[in-house]
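Please model the complete structure; the sequences and the hints are all you need to start from.
Heads up: the sequence shown begins at 12 in the numbering used here, then just goes up one per residue.
For the record, the hints were derived by calculation from the structure and aren't laboratory data. Just so you know, these numbers come straight off a predicted model, no measurement behind them. Careful: at least some of the hints might be erroneous.
No farther apart than 27 Å at their CA atoms in a straight line, the calculated lysine-lysine pairs in the DSS-like style are these [claimed, not checked]: (1) 129 - 158; (2) 269 - 254; (3) 234 - 254; (4) 129 - 221.
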Amino acid sequence: MKERRELQLKAFERLLDVMDELREKCPWDRKQTNESLRANTIEETYELCEAITNNDEINIKKELGDLLLHIVFYAKIGSEKGSFDIADVCDALCDKLIFRHPHVFGEAVANSAGQVEKSWEEIKLKEKGGNKTVLGGVPTALPALVKAYRIQDKARNVGFDWENREDVWDKVREEISEFEEEINCGDADKIEAEFGDLLFSLINAGRLYKINPENALERTNQKFTRRFNYVEKCLTEQGKSFKESNLTEMDALWDEAKNKGL
Numbered sequence: 012m013k014e015r016r017e018l019q020l021k022a023f024e025r026l027l028d029v030m031d032e033l034r035e036k037c038p039w040d041r042k043q044t045n046e047s048l049r050a051n052t053i054e055e056t057y058e059l060c061e062a063i064t065n066n067d068e069i070n071i072k073k074e075l076g077d078l079l080l081h082i083v084f085y086a087k088i089g090s091e092k093g094s095f096d097i098a099d100v101c102d103a104l105c106d107k108l109i110f111r112h113p114h115v116f117g118e119a120v121a122n123s124a125g126q127v128e129k130s131w132e133e134i135k136l137k138e139k140g141g142n143k144t145v146l147g148g149v150p151t152a153l154p155a156l157v158k159a160y161r162i163q164d165k166a167r168n169v170g171f172d173w174e175n176r177e178d179v180w181d182k183v184r185e186e187i188s189e190f191e192e193e194i195n196c197g198d199a200d201k202i203e204a205e206f207g208d209l210l211f212s213l214i215n216a217g218r219l220y221k222i223n224p225e226n227a228l229e230r231t232n233q234k235f236t237r238r239f240n241y242v243e244k245c246l247t248e249q250g251k252s253f254k255e256s257n258l259t260e261m262d263a264l265w266d267e268a269k270n271k272g273l
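As structure tokens, then:
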């Protein structure tokens with residue numbers, strides 16, 4: 012264990028040395044800024060998420076490396092500005108982890124993940140420089156679906172949640188009814204608002220049943236893509252385009268793809 016830790020520290024030191032060399036000698040690396048790296052950082056994060064979704068261990072390792080490069084890069088830029096360096100980043104993270112885990116590093120007791128989650132938001136509100144409100148820690152730039160889940164989860168952590176998860180279905184049915192009413196009225200703005208309420212209630216239902224909506228939707232995206240690609244492939248083999256086919260033919264191929272387990 013000790014030998015492996017030494018190897019890990021040497022590997023991290025090597026990465027810092029490589030970053031220093033790149034920043035000094037590579038024209039492309041030398042011109043990068045926080046702003047120029049931002050879009051690539053988002054892309055690398057999504058590529059890591061894709062590898063995780065596919066349970067692709069080789070690419071998880073690769074994409075973790077790409078993301079780690081960005082972390083080191085931002086820290087290098089911070090050090091050049093005299094704002095912070097990688098040591099400050101690591102120390103701040105360690106301090107936060109220790110503060111948020113009093114059941115590990117202090118005298119608090121937590122015997123289950125649920126007990127940890129229950130005290131999590133209270134601890135964050137007490138944290139120096141931390142969130143001033145319960146929902147203050149939800150990044151405004153998050154995609155709407157992910158943001159909805161995080162908002163609901165944070166509200167749950169302070170006790171604002173359904174007492175019985177089965178009750179959420181009454182809310183879902185209520186939102187479906189209100190959505191249908193607005194469709195019949197034809198007011199586009201209200202239709203969109205009610206559709207948002209319906210989506211929010213479905214995300215809430217997923218959360219209550221331990222389903223991550225982002226993961227669930229991505230599974231369906233991939234399933235739809237596989238089946239649609241099968242339909243397209245079969246039509247191509249028949250010498251047809253989508254325009255030359257009809258919905259009945261496409262539905263039959265879709266069912267065929269479904270029966271094949273695609």
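The hints, checked one at a time:
1. Among the hinted pairs, residue 129 with residue 158 is consistent with the structure: their alpha-carbon atoms are about 20 Å apart, no more than 27 Å.
2. Our distance criterion of 27 Å between C-alpha atoms is met by residue 269 and residue 254, whose separation comes to about 22 Å.
3. For the proposed pair residue 234 and residue 254, the alpha carbon gap of about 23 Å is at most 27 Å, so the pair holds.
4. Pair hint residue 129 plus residue 221 holds up; C-alpha atoms about 16 Å apart against a cutoff of 27 Å.
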